[in-house]
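Protein chains: 2
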Amino acid sequence: MARVFNFGAGPAVLPVEVLQEAQAELLDFKGSGMSIMEHSHRGKEYDAVHAEAIENVRKLLKLTDDYTVLFVQGGASLQFAMVPMNLLGAGQSADYVNSGAWGDKAVKEAKLFGNVNVIANTGKDIPTRMPKNEDLKLTPGAAYVHITSNETIAGSQWKVFPKTEAPLVADMSSDILSRPFDASQFGLIYAGAQKNLGPSGVALVVMRKELAERVGAKTPTMLKYKTYIEENSLYNTPPTFSIYVLALVTRWILKLGPETLYRQNVDKAGKIYQALDSSSFYKGTAVKEFRSDMNITFRLPTEELEELFIKEASKQGMKALKGHRSVGGIRASIYNAFPVAGVDALVAFMKDFEKKNG
Amino acid sequence: MARVFNFGAGPAVLPVEVLQEAQAELLDFKGSGMSIMEHSHRGKEYDAVHAEAIENVRKLLKLTDDYTVLFVQGGASLQFAMVPMNLLGAGQSADYVNSGAWGDKAVKEAKLFGNVNVIANTGKDIPTRMPKNEDLKLTPGAAYVHITSNETIAGSQWKVFPKTEAPLVADMSSDILSRPFDASQFGLIYAGAQKNLGPSGVALVVMRKELAERVGAKTPTMLKYKTYIEENSLYNTPPTFSIYVLALVTRWILKLGPETLYRQNVDKAGKIYQALDSSSFYKGTAVKEFRSDMNITFRLPTEELEELFIKEASKQGMKALKGHRSVGGIRASIYNAFPVAGVDALVAFMKDFEKKNG
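Chains as they are written, first to last, in the numbering used here: chain L, -11 to 346; chain P, -11 to 346.
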């Protein structure tokens, strides 16, 4: 079997050990005679998986008892609606940072539910960047402050999270568990799984439990965080296979060590950024201090060369390097599970490609 | 590998051929060097899977062009909210049949959004049953009429669907694709996948496209059917692995032939019902004319005997025969993928158990 280097932005590469374990037990989970997909979500086999997934996240984020770990379907896009539905009371306002395509979507959705103050807008800045914390115009009495920790399309990343009086809410879809941070600084964190946590089909929500009490009585059962807290994310059938893979991925992170993984992530990104900086052929698209360690975005002198770059790289087993359809260019997504060898291969390819076409 | 007979109500047994195919290509989907879980939802490999899943459902339900096939996360439980959010306009009322635990949940959720007329209520009837079509008190001008085609917990099933002037909406989670029916009689059908279609994490929605136009402007993007129609269920990352398995399962049904499968389902259920009817030891819980071919519910003379029955059956590789926690008793769920051999084994076991304990 020849595995390729998958630079895709999500769904993204998974640890090969995780896939191998899932494959080995796909028809017979731990000697039970059934697949984990076939197990009841109320049986002891799945229950152990569910509990491990939650416990792994708790350990990795060093959560205290006032925080809860929830699994919700619908991806981060449904969270764009669930956050204001649950946290934004009538007559209140929320602060949002628009730092790119994802922050912008979160803003648009929140506006359906109440008053939104866009307290910083770097969404259209070129080169791409996050706002500086000192530039945020926080609104006194805001229900919460919403940020996007890493903009997958723009290739920009918040390096030091702002300290806010109102609960800080973050879409961490593209960098959750890729680096250490103080979870107690946040009121609510959410992340679609398909970048750093597992396959698509489940979103992780980590929140201070008390915030779930704000919800109005008319909110649908499946859209209330309270339901997930009270029923341990088992009010209805959860996406069991996605949570199972998430349990395996978080176990893999714990085994490797989150600090080791973080250093590896910084090193991986550093190698590519160094290749960009030591060349006038390639041009990074993000401001240096906000460069993402997860999604590395850059341009070549012409679109024709970009097309050739993507095509040639693909021939050498480096896949999905095309930038998002809305911005073009090149994007190398190198999440937790992306191997160091793939980064080395890309850097070597970049040098070679420049030599031939520069 | 010893596979057991899984009588679970959902997540439920999958065709062993489907699991084997998923296993074989789990690390390398069709020579692409990645798992289907790792493929972009906008790439050509996943695109073919997505298109096949939709096409298979279209073929199996013989859908005309005015119908659309959608994949939504959140299970049938989220559909309980999405149906009224999308179809029940301000000041309108909807007709609901409460035929058991699931019908009841649908009613409760709809009441958050508007006026609900419960036009028949057999939810607490013992023996369990569906209402007769002639007993439905349809409301003139209702926005729609909602039924539950098969009550998984009660073990009752609608045999002839009512003809209604208002669009007929059905929760078919537990019997979709298990029997032929005329889809054109329905305005909207939904089904959580984890019984007859695949793993949990995706719900199938089949609807007349024009109904999606009713939705209000303030409805969140991810909760509008319109979004899924316009974006071919790819507005955000769909649950790709669940849809992939659904594509394999529906392919398996097409290969076997839906008519063959239907006859097999009737035969399977018939064997167990015959065992019930020819015994005074076992007692079916549903009225004969509404007996479900999917979930066969029955009681033994005492709860102690029921416990022993479940325990002894489990020792012989017949798993998950316990009735739903809310009603007790025995439940044999024998969906499409449940093998005939498992039914024969159960019937033999029932006779043997009665001999020893009757």
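Keep in mind the hints are simulated off the structure, nothing from the lab. Be careful, since some hints might not be right.
Intra- or inter-copy, both count: the list cannot distinguish identical chains.
[Claimed, not checked] Lysine-lysine pairs mimicking DSS-like chemistry, simulated, CA-CA at most 27 Å apart:
| no. | residue 1 | residue 2 |
| --- | --- | --- |
| 1 | Lys259 | Lys243 |
| 2 | Lys125 | Lys299 |
| 3 | Lys343 | Lys147 |
| 4 | Lys299 | Lys197 |
| 5 | Lys32 | Lys125 |
| 6 | Lys18 | Lys303 |
| 7 | Lys18 | Lys299 |
| 8 | Lys343 | Lys243 |
| 9 | Lys243 | Lys339 |
| 10 | Lys147 | Lys259 |
| 11 | Lys93 | Lys214 |
| 12 | Lys18 | Lys339 |
| 13 | Lys32 | Lys99 |
| 14 | Lys99 | Lys344 |
| 15 | Lys343 | Lys50 |
| 16 | Lys125 | Lys344 |
| 17 | Lys197 | Lys303 |
| 18 | Lys99 | Lys206 |
| 19 | Lys276 | Lys339 |
| 20 | Lys214 | Lys99 |
| 21 | Lys32 | Lys303 |
| 22 | Lys212 | Lys99 |
| 23 | Lys32 | Lys343 |
| 24 | Lys93 | Lys50 |
| 25 | Lys18 | Lys99 |
| 26 | Lys276 | Lys50 |
Hints versus structure:
1. Lys259 with Lys243: For Lys259 and Lys243, only the intra-copy Cα distance (25 Å) is at most 27 Å; the inter-copy one is 51 Å.
2. Lys125 with Lys299: neither (44 Å within a copy, 64 Å between copies)
3. Lys343 with Lys147: neither (34 Å within a copy, 72 Å between copies)
4. Lys299 with Lys197: So Lys299 and Lys197 fail the 27 Å test inside a copy (48 Å) and across (39 Å) alike.
5. Lys32 with Lys125: Classified as neither; 50 Å inside a copy, 44 Å across copies.
6. Lys18 with Lys303: Classified as between: cross-chain Cα gap 17 Å, same-chain 39 Å, threshold 27 Å.
7. Lys18 with Lys299: Answer is between; shortest inter-copy Cα gap is 20 Å, intra-copy 42 Å.
8. Lys343 with Lys243: This pair counts as neither: shortest intra-copy Cα distance 40 Å, inter-copy 54 Å.
9. Lys243 with Lys339: neither (34 Å within a copy, 51 Å between copies)
10. Lys147 with Lys259: within (18 Å within a copy, 65 Å between copies)
11. Lys93 with Lys214: This pair counts as both: shortest intra-copy Cα distance 24 Å, inter-copy 17 Å.
12. Lys18 with Lys339: Intra 47 Å, inter 31 Å, cutoff 27 Å: neither.
13. Lys32 with Lys99: So Lys32 and Lys99 fail the 27 Å test inside a copy (42 Å) and across (35 Å) alike.
14. Lys99 with Lys344: neither (50 Å within a copy, 67 Å between copies)
15. Lys343 with Lys50: Neither: 47 Å inside a copy, 57 Å across copies.
16. Lys125 with Lys344: neither (48 Å within a copy, 78 Å between copies)
17. Lys197 with Lys303: neither (49 Å within a copy, 42 Å between copies)
18. Lys99 with Lys206: Cα proximity of Lys99 and Lys206: in one copy and across copies (18 Å, 9 Å).
19. Lys276 with Lys339: within (21 Å within a copy, 75 Å between copies)
20. Lys214 with Lys99: both (22 Å within a copy, 19 Å between copies)
21. Lys32 with Lys303: So Lys32 and Lys303 pass the 27 Å test across copies only (16 Å; inside, 46 Å).
22. Lys212 with Lys99: Close inside one copy (18 Å) and across copies (16 Å); limit 27 Å.
23. Lys32 with Lys343: neither (59 Å within a copy, 31 Å between copies)
24. Lys93 with Lys50: neither (30 Å within a copy, 37 Å between copies)
25. Lys18 with Lys99: neither (47 Å within a copy, 43 Å between copies)
26. Lys276 with Lys50: neither (30 Å within a copy, 56 Å between copies)
Hints 2, 3, 4, 5, 8, 9, 12, 13, 14, 15, 16, 17, 23, 24, 25, 26 from the list above are not met by this structure, while the remaining hints are.
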